[in-house]
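One letter stands for each residue in the lines below.
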Amino acid sequence: MNTTRLSLLERVRDLDDASGWAQFDKLYRPLLMLYARRRGLSPADAEEIAQECLEVLVAKIQGFERRLSFRAWLHRIVDHKVNQHLARQRRALSLGPEWLEEAPATEPSPAQIWEQQWDRTHLFYCLAALRSDFAPHTLQAFELYVLQGLPVAEIARLLGMTPNQIYVAKSRVMRRLREAYRRLIDKLYGASR
Amino acid sequence: MSKSSSHPARGTLAAYEAGALSDTQAGTIDEHLRECGLCRDVLEGIRARDTEVQALRRAFEESWREWQRAGEVPVALERGAAGVADTSAGGAHGVGDPAALQAVQQPGRPVLFADTVGTAGPFGTLTEATNWLIPDYERVQLCGEGAYGSVWAVRDRVGVHRALKIIDMGRLDATRTGCRESAALETYCRQVGRHPYLIEIFHVGMVGNSLYYTMELADNDLNKAPVSDAFPARYEPLTLATVMHRRRIRPETALEITRRLLRGLIRLHQLDLVHRDIKPANVVIVQRRPKLADIGMITPRSESREVVGTPRYMPPDHVMDKSADTYALGKMLHEMICGREAPVFPALPPELRYGSLRWDLEKVSDVLVRACAAEAGKRYPSAAEMLEDLEACGDQPFHTLFDDAEGGEPARQAPALGGPNRAQVILALLRTVPWVLGFVAFALLLSRLRAWIGSWGIGD
Ligand SMILES: [Zn+2]
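Line by line, the protein sequences are chains A and B. Heads up, the first sequence is in our numbering, so the first residue is 1 and it goes up one at a time. Heads up, the second sequence is in our numbering, so the first residue is 1 and it goes up one at a time.
One thing to keep in mind: the hints can contain errors.
[Unchecked claim] To spell it out: a stretch of chain B is covered by chain A in this simulated footprint if at least three of its residues, at any positions, have a beta carbon under 8 Å from a beta carbon of chain A; those stretches are: (1) 10-21; (2) 52-60; (3) 274-284.
Hint data in this document are derived by calculation from the structure and do not stem from the laboratory. Only a predicted model underlies this, so the values are computations on that prediction, with no experimental measurement involved. Note that the Cβ used here is the ideal one computed from N, Cα and C, for glycine as well.
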């Protein structure tokens, strides 16, 4: 199933489209890094992996198989790199104390991590863009209420707002965030997703 | 409570929470909320059940942790969201309580928009470290940065590696946190002394406007080993947060860690000190031993009125006394055993209750229920009581996993079954089955062998 309509992708197939690539980089580099970090790589290694993946992308984007979604394709590339790296690392590292090596974890699978990081990267991309759309205290109320989970009374005291103003701010930002997210996804991958 | 007859209907409260009421209607409810804790609770309940809000919060919390560990914020967020740049917009709206708002932004806390106070947020570059003025310590690596300062790995004159925390007092106009931190340091260094499960502070100093102190350096997360003479090429501090981030911890180990931390906490509580910010990230592993760290929030009990701490590990009533410390330890223990997304809390889910032979997890579950009770009055008053109850859940100290220099306990004992419940006995019996089968097989083999050797006629 081809879930990606290649709108941004079509642009970056033209390797000379600098702005397309800039946008591409801005969105996917952090995603690749976060994924690698989440799989247990150090920051420096994650950075390296992201760089390598982007290089692979540049080299292979023209041969990108349309029968895969871009999401799955990118995952395949980064997953391969990460696995390679982890295998190397496993061979190199001496083992630590027993209790730090416990295996039976409820660690999500690499595919789940990928899905999660994919969604989050896009989400935060939108969130960052909201800054210009609201007054600072509206965003602060949203942040303290939704992202930090402070009690409303506390937020009211901190920001000098009434509870109602906080709830209104929260609702407005949430609504706007939902819209922005939908629009971004459409823009990048087409409405079919 | 006199107005109990005039509570708004649930539907009205829900509309209010969604920001959908007219100003007059909403104004009435604002008024009512000032008096009515019940309705405030209903509203908090709505938030707690809002899956979208909770998912966002979790995403932010987790991503934040990753960004922080990665030492940078994703490029996608750099536009404006990175905090420092936008101070002009910040100072302007001038309502509320900026100093208090600043206090919300503790080191290690995510701050995306709440950065109006003219201080560099954690996304900023607090310690650009263009000039390093701290004498006697050579910096090796930046390990973490928060709204108030940064933590570095450093090397002292004789080549020993330490962690060094710098608090830039100049940046905290009100110096509220700075004062709190230096007061905490004084109390801690003077009264607490050394303890195997509390981080040790070696040196406190002042350079210009910066307060700094050195303490034990956490083991390296990347190879799980203590840092030796040669500083590793790649280093990240090993904390309980990084351990829990990757894996669930076996109940035995989780309980052992908790027991040890309770020991450390007892020392604080005996001195009438409250830690107030116990969370996995503040439990560092030093020489493979868990230790309570980040003493910046420690205060004498009488002063522990304001709400500080990390919401996830704070009791819901926000009473930040000793019982809040044991609440946080209970919450951590629960997370270690059940994972962060456990549907059942504070009890242990039934399927986990028979997972250990050494600990009666049914009883542990009861301890958790009390430690994490929603009301302060129902929680353990302090660490000593919680440890006592927890000790009663295990048969004997379990020492095989740790190299422990702590005095007063027998070094190693063979595991023994004290008063196990039925399920545990059955489980124990089941575990012996392979051994029994193996033994029988071995005996058969032996008798065969004898018969065979006997057939040579030289066996006797
Ligand atoms: Zn009411």
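We went through each hint and held it up to the structure:
no., hint, verdict
1, 10-21, "holds (count 6)"
2, 52-60, "holds (count 6)"
3, 274-284, "violated (count 0)"
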